[in-house]
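Chains as they are written, first to last, in the working numbering: chain A, 17 to 361; chain B, 17 to 361.
Since the hints were derived computationally from the structure, they do not count as laboratory data.
Any given hint might turn out to be false.
One copy or two, either will do: identical chains are not told apart, so a pair holds if it fits within one copy or between any two.
To be verified - Calculated pairs, DSBU-like style, for lysine-lysine (alpha carbon to alpha carbon, straight line, at most 35 Å):
#1 K77 x K159
#2 K55 x K159
#3 K77 x K262
#4 K88 x K55
#5 K262 x K338
#6 K262 x K159
#7 K192 x K77
#8 K244 x K77
#9 K55 x K262
#10 K192 x K262
There are 2 protein chains.
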Amino acid sequence: MGSDNATIYDIASEAGVSIATVSRVLRGEANVSPATREKVRQAIERRNYRPSSIARGLTSKTTHSLGIILPKLLNPHYAMIFTGAQEEARTHGYTMSLFPWASLDTDAYNPAAMLIERRLDGLIVCVEYLPPDHDELVHDALKTLRRFMPVVLIGCIPPWYDFPSVANDNAAMTRKTVAYLTGMGHDRIAFIGGVQEDTDPRRRDVGYQQGLRDARLPYTASYRVFCKGTAEAGKQAMDDMLQSLKPCYWPTAVIALNDLVAMGCLLSARERGIDVPGQLSVIGCDDLFCAPYLSPPLTSINTHQQRTGARAVQLLISGEQKRETVDWELIERASCAPNREAAPT
Amino acid sequence: MGSDNATIYDIASEAGVSIATVSRVLRGEANVSPATREKVRQAIERRNYRPSSIARGLTSKTTHSLGIILPKLLNPHYAMIFTGAQEEARTHGYTMSLFPWASLDTDAYNPAAMLIERRLDGLIVCVEYLPPDHDELVHDALKTLRRFMPVVLIGCIPPWYDFPSVANDNAAMTRKTVAYLTGMGHDRIAFIGGVQEDTDPRRRDVGYQQGLRDARLPYTASYRVFCKGTAEAGKQAMDDMLQSLKPCYWPTAVIALNDLVAMGCLLSARERGIDVPGQLSVIGCDDLFCAPYLSPPLTSINTHQQRTGARAVQLLISGEQKRETVDWELIERASCAPNREAAPT
DNA sequence: GCTTATAATGAAAGCGCTTACACAAAAAAG
DNA sequence: CTTTTTTGTGTAAGCGCTTTCATTATAAGC
Numbered sequence: 017m018g019s020d021n022a023t024i025y026d027i028a029s030e031a032g033v034s035i036a037t038v039s040r041v042l043r044g045e046a047n048v049s050p051a052t053r054e055k056v057r058q059a060i061e062r063r064n065y066r067p068s069s070i071a072r073g074l075t076s077k078t079t080h081s082l083g084i085i086l087p088k089l090l091n092p093h094y095a096m097i098f099t100g101a102q103e104e105a106r107t108h109g110y111t112m113s114l115f116p117w118a119s120l121d122t123d124a125y126n127p128a129a130m131l132i133e134r135r136l137d138g139l140i141v142c143v144e145y146l147p148p149d150h151d152e153l154v155h156d157a158l159k160t161l162r163r164f165m166p167v168v169l170i171g172c173i174p175p176w177y178d179f180p181s182v183a184n185d186n187a188a189m190t191r192k193t194v195a196y197l198t199g200m201g202h203d204r205i206a207f208i209g210g211v212q213e214d215t216d217p218r219r220r221d222v223g224y225q226q227g228l229r230d231a232r233l234p235y236t237a238s239y240r241v242f243c244k245g246t247a248e249a250g251k252q253a254m255d256d257m258l259q260s261l262k263p264c265y266w267p268t269a270v271i272a273l274n275d276l277v278a279m280g281c282l283l284s285a286r287e288r289g290i291d292v293p294g295q296l297s298v299i300g301c302d303d304l305f306c307a308p309y310l311s312p313p314l315t316s317i318n319t320h321q322q323r324t325g326a327r328a329v330q331l332l333i334s335g336e337q338k339r340e341t342v343d344w345e346l347i348e349r350a351s352c353a354p355n356r357e358a359a360p361t
Numbered sequence: 017m018g019s020d021n022a023t024i025y026d027i028a029s030e031a032g033v034s035i036a037t038v039s040r041v042l043r044g045e046a047n048v049s050p051a052t053r054e055k056v057r058q059a060i061e062r063r064n065y066r067p068s069s070i071a072r073g074l075t076s077k078t079t080h081s082l083g084i085i086l087p088k089l090l091n092p093h094y095a096m097i098f099t100g101a102q103e104e105a106r107t108h109g110y111t112m113s114l115f116p117w118a119s120l121d122t123d124a125y126n127p128a129a130m131l132i133e134r135r136l137d138g139l140i141v142c143v144e145y146l147p148p149d150h151d152e153l154v155h156d157a158l159k160t161l162r163r164f165m166p167v168v169l170i171g172c173i174p175p176w177y178d179f180p181s182v183a184n185d186n187a188a189m190t191r192k193t194v195a196y197l198t199g200m201g202h203d204r205i206a207f208i209g210g211v212q213e214d215t216d217p218r219r220r221d222v223g224y225q226q227g228l229r230d231a232r233l234p235y236t237a238s239y240r241v242f243c244k245g246t247a248e249a250g251k252q253a254m255d256d257m258l259q260s261l262k263p264c265y266w267p268t269a270v271i272a273l274n275d276l277v278a279m280g281c282l283l284s285a286r287e288r289g290i291d292v293p294g295q296l297s298v299i300g301c302d303d304l305f306c307a308p309y310l311s312p313p314l315t316s317i318n319t320h321q322q323r324t325g326a327r328a329v330q331l332l333i334s335g336e337q338k339r340e341t342v343d344w345e346l347i348e349r350a351s352c353a354p355n356r357e358a359a360p361t
């Protein structure tokens, strides 16, 4: 009953066998006679015994536990990644623990220590857009960690990071998004979000410019506004852009870094009485759960984040050293419409 | 350099001391001479040594890892709880792992085994509204788990569950919410969400009815609609209610189980051209990050979910057996307004 | 029936720590 | 200076498993 902490010894003596035999039954090894197996099974049942994964880990050098580092779980984008990763991990018998981004900071009292001491079997790191000065630091931290455990990256990974990874092809994605809008007759297309100083050729910015070029549209610096990936920042950035331009130069469409930024844009537009999608189309990214409930419902790109998380776990477990790309899907809702004032050139 | 897996023996020999001494330095014990301590420190530094929490756990019978069981991380409500819990855990040197709700199902291939085998130092379980038939099962599962590790509950806990817990006083909260609305002259107040068959006297339903009684308003069954706590369900429930009533009987205000349901209500209203808050006030609960960006911005109750998660961790660590209540805060936004058609009685 | 291959089991040595306990060296007390 | 404390270190016994290796019981081969 209350034998909540029986050990393998207890089971062995209760079943009248050696601990080696119990261990064999536990791990389903073949060479145990059916009779013995049954005896052991019953003893286990009777004592409600569960082997300690701790002790097991000491011997086997494997903990069956994975870690994930995220910037912010409150952002549903990351919650989706986590969910996908956690579920996949679980189906393989792994546990998933969350570590804050600060775990990478090698300053202070080396918090990465916590990661290493845990002897994780693998670590997923979700990398956000990084300012260049931070870039090197993070890279170093990752390289250190890799000496202790396999690491798989998710997100916006600078190409010179030599790590297995799972990500969307942001450049291609944004390029096609621009094409989608130009196809609707939009010619003043803004892009809001991201960091300015950046050298990664696979970023959204690049796709944005490619998209403009594809449509032979000019690149207008005023339409390229940088901000963090939050709703507040998006609101602010949109406010700033609109305020800085005469209304006749306002964009006819806005591509937001993500849905949070898009939400900020929508609010900014609403406050100014700009009709979406009548006067302005808005398109987000990540297809958050709230996208269909915004006003108007937000067109967004479903980046298959759960699948991304799941694939990262698979890479971790299989040890494959691939850099993988996850596809995406444009979810059309009411926030995008053909440009009414499209001038027949 | 590559000595990524030095053991305490390596450090001992490198520093020319015994492993006991290394252990002492590691744990900051007092009785080590400064000279020795320094020698050991340097050896540790040189070999980049981090003690294995696994081995440590075997001896100390403590893993410094906690678990949390949530219905769904994609619901930001739970993401906030998780975040609060994780951060608090971290400050105490604990790791936090996520387990899906299914971990409690004692059917199937007893998944709770995973929890037990991990030898967690504690477990937080977020309990949702449970249908009565499920209630007993969950209770049993929890009681089983408690034999193996401390358990703290969060959320809607039936009062006969004898577990330490952290929760809002839902009844009082909803009662005051009704008062807030009646104070604005609303007299047809609907409540959407939750499960029907329920006997817990501390639920929102109860507060809702108390609130009506306080204002001497009739309890109108048609205004009490049950649905799950999702946006889709909220939309459907609102649609059904509105459709089943002549517009002149439509509620003037609706209290939603949570912000997701409220989002569904807002959408339903929008589709029907019902002006919020002109004709209908809507009030949610949880104050999700998107609440300010809805149209209109949603009045909601901030239930201090991060603090709830943090408190749960504190109870777990301290071993206190309290049932705690977390306070809350009404965040007023544009979705609620005085009832225009308030009849001067 | 006796030898050899095969299957079933146990004894024992770790895995990398913590923690009595023992013991030597240094400090305080007489 | 001894004697008693105090302080600093080392030895060794676990913690609860896995795993090699040796050993015994059983089946197969001739």
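### Message
Need the list of violated hint numbers for this structure, in ascending order.
### Response
Checked against the structure, the hints that fail are numbers 3, 4, 5, 6, 7, 8, 9, while the rest are satisfied.
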